[in-house]
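Asks: If you read the sequence shown in UniProt numbering, its first letter stands for residue 1, the second for the next number, and so on.
Be aware that one or more of the hints could be misleading.
Derived PhoX-like pairs: lysine-lysine, alpha-carbon spacing no greater than 25 angstroms straight-line [to be verified]:
#1 49 <-> 34
#2 36 <-> 49
#3 68 <-> 49
#4 27 <-> 58
#5 68 <-> 34
#6 61 <-> 51
#7 68 <-> 51
#8 58 <-> 92
#9 27 <-> 51
#10 36 <-> 58
#11 49 <-> 92
#12 61 <-> 27
#13 36 <-> 68
Just so you know, the hints here were simulated from the structure itself, not pulled from any lab data.
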Amino acid sequence: MKYGHDVFDRERYEQIRQIAAEMMTAKTGMPIEKVKTLFCGDEGYQTPKIKTRAAIFKSDKILLVHEKLTDDWSLPGGWCEANLSTEENCIKEAEEESGRDR
1 MKYGHDVFDR
11 ERYEQIRQIA
21 AEMMTAKTGM
31 PIEKVKTLFC
41 GDEGYQTPKI
51 KTRAAIFKSD
61 KILLVHEKLT
71 DDWSLPGGWC
81 EANLSTEENC
91 IKEAEEESGR
101 DR
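Could you put together the complete structure from these sequences and hints?
Replies: Right, here's the structure in full:
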């Protein structure tokens, strides 16, 4: 955990990583040590990563956006910003991904 310097934060993050590894092992049957090794190779911050999606309706239509990476259509959404509420994140992502304002 390269970003956390507070001993209490590091302890909490290690507990979260342990719980996540146990959940992954229970679901996949993969040995817990292998799961932990995979988690250690994860890029970015070792904190929970939360995404949100917005379902936007107008009459009998629903807004979908084109996902360039997967070439799929989906509800607009993305990674949540820590300082925004769920509603604010949904609005922000819908505006960013659709190119439209409210």
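Asks: Any hints this thing doesn't respect? Which numbers, in order?
Replies: 4, 5, 10, 12 and 13
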